[in-house]
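Chains as they are written, first to last, in this note's numbering: chain A, 1 to 166; chain B, 1 to 166; chain C, 1 to 166.
Just so you know, these hints were derived from the structure itself, not from any lab. The reader is advised that the hints may include incorrect statements.
Treat identical chains as interchangeable: a pair holds within one or across any two.
The calculated SDA-like cross-link candidates involving lysine to any residue, where the alpha carbons are at most 25 Å apart (straight line), are [unchecked claim]:
1) 111 - 45
2) 52 - 1
3) 138 - 43
4) 111 - 162
5) 52 - 112
6) 138 - 150
7) 138 - 44
8) 138 - 161
9) 52 - 156
10) 52 - 25
11) 111 - 64
12) 111 - 90
13) 52 - 161
14) 138 - 162
15) 52 - 91
16) 138 - 53
17) 138 - 60
18) 52 - 160
19) 138 - 3
20) 111 - 137
21) 111 - 47
22) 138 - 160
23) 138 - 81
24) 111 - 136
25) 52 - 126
26) 138 - 156
27) 111 - 93
28) 52 - 92
29) 52 - 35
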Amino acid sequence: MSRCAMEGCDPDCQRPRLAGEREDTSAQVIRELVEEEMGGEIIEYRVVPDEKDEIMAALIEMTDYYNADLILTTGGTGLAPRDVTPEATLSIVDRLAPGFAEAMRQGAMAKTPRAMLSRAVSGIRGRTLIINLPGSPKGVHENLAVIIDQLPHALAILTGREGDHG
Amino acid sequence: MSRCAMEGCDPDCQRPRLAGEREDTSAQVIRELVEEEMGGEIIEYRVVPDEKDEIMAALIEMTDYYNADLILTTGGTGLAPRDVTPEATLSIVDRLAPGFAEAMRQGAMAKTPRAMLSRAVSGIRGRTLIINLPGSPKGVHENLAVIIDQLPHALAILTGREGDHG
Amino acid sequence: MSRCAMEGCDPDCQRPRLAGEREDTSAQVIRELVEEEMGGEIIEYRVVPDEKDEIMAALIEMTDYYNADLILTTGGTGLAPRDVTPEATLSIVDRLAPGFAEAMRQGAMAKTPRAMLSRAVSGIRGRTLIINLPGSPKGVHENLAVIIDQLPHALAILTGREGDHG
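The shape of chain A in the complex, shown without the other chains (with noise of 0.2 Å):
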């Protein structure tokens, strides 16, 4: 079982889910998707403001302490100046990943041109895959529709579960 976690940015760095409320955040998408689709474990998950050093720490963390196989960051792709996520990203990644935004752009692009806009990229930091998501609900579906079926192997790979000859 691959061991997920996500990381959101929100300008008002509430957290987007309290009892009670209507699940249909951009976090229980991404929650629903890796458990039904992927039969991953989210084992942490954190909100924090759309500060570049705030979003690199928090991924950080997430990888060398939490040693998660993948993070899925929703928001703070866009182009508003506020929107930082892909240079937190890109800052402590030690390998880029480019196909998988690169996929999710055009997959998505497909149905919505406007998912030309957003500046997600992918990479690796040590055996963790980081993975930039859109912040609307609707965005995160669109984009992890595209990829998800390869992440187990994607992972398998990258954690040294499974061989490779790429």
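Position chains B and C against the provided structure of chain A, taking the given hints into account.
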């Protein structure tokens, strides 16, 4: 109305259009698409030689001094040794926006596989979106047509005139 | 005639082909495509271990000393911790040429969604185009087939044998 600027590379540094000349230059194609399809205004136009430092200086002046919302460059994106517009652009942006360049290559390749040779990049400096276009009028048209419908919304978010949930 | 070179990564650093062996190795697929589809000549072939420094040294020697027009690497582009060919490539190129890698992932993904796992990059050092290919013969064939028709023109522009208006 969006404030747009153009930067053109020319090995001989000649202005491509003089009074009375035919107007099918790349600059004219950009001007028409920006004015007619985007309702934008061209506030500045520079032709600089294929020198990285000179391109950087022109981009910095058009962002920091002219406060353009959008800069469209034309030329210098090929494989020839003199082509350094992407390198100049990467040197002065503070955030990448890879979706525009990816979408243009993907869209143009559907018509002309040779479009894969384009080394164009797209990024953000401050509140200015900078997008590299090829040098030929045909290439400019094929590439700009792929993204132009998304530019008004992109610029509205980037400049803070419109909210976003990315 | 284009002067082409190959670099292959191999965990055990064994030459993949000995006299009398079956010839369906990745190197053989590259050789056939380069000679038959491009009319190119393989001037050098190296197999190096999956070590960033050794890959960098091989790429530098094949560009700066052998003056190859094109270097095709095979292997080391996956997600496994030992896969560092893209990092070695990025460290020694002076200009990026992202369209080849994007086109290969997009083309290969149409057949095999798993192609999104490829971390291949493409760039230029001096007057040498360097393109990463996957490690498997099937992956090499699927990826190289997407771009090979564009390579003669690309190399002619890069090496100055042909004019360009990019």
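Hints and how they fare:
1. Taking identical chains as interchangeable, the C-alpha atoms of residue 111 and residue 45 are never at most 25 Å apart, the minima being 29 Å within one chain and 35 Å between chains.
2. In the homo-oligomer, the alpha carbons of residue 52 and residue 1 never lie at most 25 Å apart, since the shortest distance is 30 Å inside one protomer and 31 Å across protomers.
3. Proximity of residue 138 and residue 43 under a CA criterion of 25 Å is satisfied intra-copy only: 23 Å inside one chain copy versus 37 Å between copies.
4. For the identical chains of this complex, residue 111 and residue 162 are inter-copy neighbours only, at 22 Å across copies versus 34 Å inside a copy, given an alpha-carbon limit of 25 Å.
5. For the homomeric pair residue 52 and residue 112, neither the shortest alpha-carbon distance inside one copy (28 Å) nor that between copies (36 Å) is at most 25 Å.
6. Taking the shortest alpha-carbon separations for residue 138 and residue 150, both the intra-copy value of 20 Å and the inter-copy value of 18 Å come in at or below 25 Å.
7. In this assembly of identical chains, the alpha carbons of residue 138 and residue 44 lie at most 25 Å apart only when taken from the same copy (22 Å versus 39 Å across copies).
8. Proximity of residue 138 to residue 161 under the C-alpha cut-off of 25 Å is restricted to the inter-copy arrangement: shortest distance 23 Å between copies versus 32 Å within a copy.
9. With identical chains, the CA atoms of residue 52 and residue 156 are at most 25 Å apart between copies only, with a shortest distance of 23 Å across copies and 30 Å within one.
10. Taking identical chains as interchangeable, the C-alpha atoms of residue 52 and residue 25 lie at most 25 Å apart only when both belong to the same chain, with a minimum of 23 Å there against 42 Å between chains.
11. For the homomeric pair residue 111 and residue 64, neither the shortest alpha-carbon distance inside one copy (36 Å) nor that between copies (36 Å) is at most 25 Å.
12. In this homomeric assembly, residue 111 and residue 90 never come within 25 Å of each other (Cα to Cα): the closest approach is 27 Å inside a single copy and 29 Å across copies.
13. Within a single copy, residue 52 and residue 161 get their C-alpha atoms only as close as 32 Å, which misses the 25 Å cut-off; across copies the closest is 23 Å, which meets it.
14. Only between protomers do residue 138 and residue 162 lie at most 25 Å apart by alpha-carbon distance; the minimum there is 19 Å, versus 32 Å within a single protomer.
15. Both within a single protomer and between protomers do residue 52 and residue 91 lie at most 25 Å apart by alpha-carbon distance, with minima of 9 Å and 20 Å respectively.
16. Neither within a single protomer nor between protomers do residue 138 and residue 53 lie at most 25 Å apart by alpha-carbon distance, with minima of 27 Å and 43 Å respectively.
17. When the C-alpha separation of residue 138 and residue 60 is checked against a cutoff of 25 Å, the pair qualifies neither within a copy, at 27 Å, nor between copies, at 37 Å.
18. Taking the shortest alpha-carbon separations for residue 52 and residue 160, only the inter-copy value of 19 Å comes in at or below 25 Å, while the best intra-copy value is 30 Å.
19. In the homo-oligomer, the alpha carbons of residue 138 and residue 3 lie at most 25 Å apart inside one protomer (24 Å), although the nearest pairing across protomers, at 31 Å, exceeds that limit.
20. For the identical chains of this complex, residue 111 and residue 137 are intra-copy neighbours only, at 15 Å inside a copy versus 29 Å across copies, given an alpha-carbon limit of 25 Å.
21. Proximity of residue 111 to residue 47 under the C-alpha cut-off of 25 Å is found in neither arrangement, the shortest distances being 28 Å within a copy and 38 Å between copies.
22. For a Cα distance limit of 25 Å, the shortest separation of residue 138 from residue 160 across copies, 23 Å, qualifies, whereas the shortest one inside one copy, 33 Å, does not.
23. In this homomeric assembly, residue 138 and residue 81 come within 25 Å of each other (Cα to Cα) only inside a single copy, at 22 Å, whereas the closest approach across copies is 33 Å.
24. Taking identical chains as interchangeable, the C-alpha atoms of residue 111 and residue 136 lie at most 25 Å apart only when both belong to the same chain, with a minimum of 15 Å there against 30 Å between chains.
25. Taking CA atoms no more than 25 Å apart as the test, residue 52 paired with residue 126 passes in both settings, with 20 Å inside one copy and 16 Å between copies.
26. For the identical chains of this complex, residue 138 and residue 156 are inter-copy neighbours only, at 21 Å across copies versus 28 Å inside a copy, given an alpha-carbon limit of 25 Å.
27. In the homo-oligomer, the alpha carbons of residue 111 and residue 93 never lie at most 25 Å apart, since the shortest distance is 30 Å inside one protomer and 29 Å across protomers.
28. Taking the shortest Cα distances, residue 52 and residue 92 sit within 25 Å of each other both inside one copy (11 Å) and across copies (19 Å).
29. Neither within a single protomer nor between protomers do residue 52 and residue 35 lie at most 25 Å apart by alpha-carbon distance, with minima of 29 Å and 36 Å respectively.
Violated hints, in rising order: 1, 2, 5, 11, 12, 16, 17, 21, 27 and 29; the structure is consistent with all others.
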